[in-house]
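Asks: Sequence:
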Amino acid sequence: MSGHSKWSTIKRKKGALDARRSKIFSKIIKDINIAVKDGGPDPEGNPRLRLAIANAKGVNMPKDNIARAINKASDKDAASFTEITYEGYAPNGIAVYVECTTDNVQRTVSNVRSYFNKHGGNLGTNGSLSFLFDRKGVFTVPKADIDQEEFEMELIDAGAEDIELEEGFFTVTTAMEDFGQMMKKLEELGIEPESASLHRIPKDTVKLDIDSARRVMKLIDVFEEDDDVQNVYHNLEITDELMEEV
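Last residue of the sequence shown: number 246 in the working numbering, and the count goes up by one each step with no gaps.
Worth flagging that the hints you see were computed from the coordinates, not collected in a lab.
Treat each hint with caution, since some may be false.
Claimed, not checked - Below 25 angstroms or equal to it, Euclidean Cα-Cα: the simulated BS3-like pairs (lysine-lysine) are: (1) 63 <-> 143; (2) 218 <-> 118; (3) 218 <-> 207; (4) 27 <-> 57; (5) 76 <-> 143; (6) 57 <-> 23; (7) 23 <-> 63; (8) 218 <-> 184; (9) 118 <-> 143; (10) 207 <-> 27; (11) 37 <-> 72; (12) 37 <-> 23; (13) 72 <-> 57; (14) 203 <-> 63; (15) 76 <-> 63; (16) 185 <-> 118; (17) 76 <-> 37; (18) 37 <-> 27; (19) 203 <-> 37; (20) 57 <-> 218; (21) 207 <-> 57; (22) 23 <-> 207; (23) 207 <-> 118; (24) 57 <-> 118; (25) 185 <-> 207; (26) 27 <-> 76; (27) 184 <-> 207; (28) 143 <-> 207; (29) 76 <-> 184.
What the hints assert, rightly or not - Label pairs and their calculated CB-CB ranges: (30) 106 <-> 40: 39 to 49 angstroms; (31) 125 <-> 227: 18 to 28 angstroms; (32) 130 <-> 103: 35 to 45 angstroms; (33) 145 <-> 106: 44 to 54 angstroms; (34) 120 <-> 144: 15 to 25 angstroms.
For every residue, glycine included, the Cβ atom is placed at its ideal position computed from N, Cα and C.
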């Protein structure tokens, strides 16, 4: 079960992920904070915290950092974060969906609006673009010594919609409602994913000429550099030529 999925057209190179590791740590710490505030510090009874810890391990966050983040979030005087989303258009009508976690909503919305305006886009109203994306579960699993055929059969039974193998990693896509079931299946198989999260996958992508696409990616990069931004989704088609640059 493989092929060129919609997810593969928007994911960034793993090298880019590695280059932003410290930023990723910061994002995961926010995820841990929200998970602890919502469901307590015990991962056994807090699925969201279990997921945040799994993602922390997936990017090799030290155990001491994870424990410290949980303890800090457990402090009643610790800063609280708010989850908020923004939707808008990049140049050439490319849809952009931004997920943020912030301790200052006014600062965040001001920055988001400024980024859109400075890069030829515009901030829209919430709900105006969400219909362009499907909510999917996406898991990244190291190939290691996994038997591909057996692995795929197990995951198809658990609800996998698409499985791709690229550069030593499986990318597994599920429907949102099958996310928890897939997590359980991987646990049963004794497999720890490098990452597991819900993503917004574009129903259709838009192809632009390389110069126009670069302008869109400049805006995406600006969003990704903002500490309040957790995830950025868009419906720009990432061509092979553009992939070499991101």
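Asks: Look at each hint and say if it fits the structure.
Replies: Outcome of the hint check:
{"no.": "1", "hint": "63 <-> 143", "verdict": "24 angstroms, holds"}
{"no.": "2", "hint": "218 <-> 118", "verdict": "11 angstroms, holds"}
{"no.": "3", "hint": "218 <-> 207", "verdict": "16 angstroms, holds"}
{"no.": "4", "hint": "27 <-> 57", "verdict": "13 angstroms, holds"}
{"no.": "5", "hint": "76 <-> 143", "verdict": "41 angstroms, violated"}
{"no.": "6", "hint": "57 <-> 23", "verdict": "15 angstroms, holds"}
{"no.": "7", "hint": "23 <-> 63", "verdict": "17 angstroms, holds"}
{"no.": "8", "hint": "218 <-> 184", "verdict": "38 angstroms, violated"}
{"no.": "9", "hint": "118 <-> 143", "verdict": "42 angstroms, violated"}
{"no.": "10", "hint": "207 <-> 27", "verdict": "30 angstroms, violated"}
{"no.": "11", "hint": "37 <-> 72", "verdict": "11 angstroms, holds"}
{"no.": "12", "hint": "37 <-> 23", "verdict": "22 angstroms, holds"}
{"no.": "13", "hint": "72 <-> 57", "verdict": "18 angstroms, holds"}
{"no.": "14", "hint": "203 <-> 63", "verdict": "38 angstroms, violated"}
{"no.": "15", "hint": "76 <-> 63", "verdict": "22 angstroms, holds"}
{"no.": "16", "hint": "185 <-> 118", "verdict": "45 angstroms, violated"}
{"no.": "17", "hint": "76 <-> 37", "verdict": "9 angstroms, holds"}
{"no.": "18", "hint": "37 <-> 27", "verdict": "16 angstroms, holds"}
{"no.": "19", "hint": "203 <-> 37", "verdict": "33 angstroms, violated"}
{"no.": "20", "hint": "57 <-> 218", "verdict": "30 angstroms, violated"}
{"no.": "21", "hint": "207 <-> 57", "verdict": "35 angstroms, violated"}
{"no.": "22", "hint": "23 <-> 207", "verdict": "29 angstroms, violated"}
{"no.": "23", "hint": "207 <-> 118", "verdict": "22 angstroms, holds"}
{"no.": "24", "hint": "57 <-> 118", "verdict": "37 angstroms, violated"}
{"no.": "25", "hint": "185 <-> 207", "verdict": "36 angstroms, violated"}
{"no.": "26", "hint": "27 <-> 76", "verdict": "20 angstroms, holds"}
{"no.": "27", "hint": "184 <-> 207", "verdict": "37 angstroms, violated"}
{"no.": "28", "hint": "143 <-> 207", "verdict": "31 angstroms, violated"}
{"no.": "29", "hint": "76 <-> 184", "verdict": "32 angstroms, violated"}
{"no.": "30", "hint": "106 <-> 40: 39 to 49 angstroms", "verdict": "29 angstroms, violated"}
{"no.": "31", "hint": "125 <-> 227: 18 to 28 angstroms", "verdict": "25 angstroms, holds"}
{"no.": "32", "hint": "130 <-> 103: 35 to 45 angstroms", "verdict": "25 angstroms, violated"}
{"no.": "33", "hint": "145 <-> 106: 44 to 54 angstroms", "verdict": "51 angstroms, holds"}
{"no.": "34", "hint": "120 <-> 144: 15 to 25 angstroms", "verdict": "44 angstroms, violated"}
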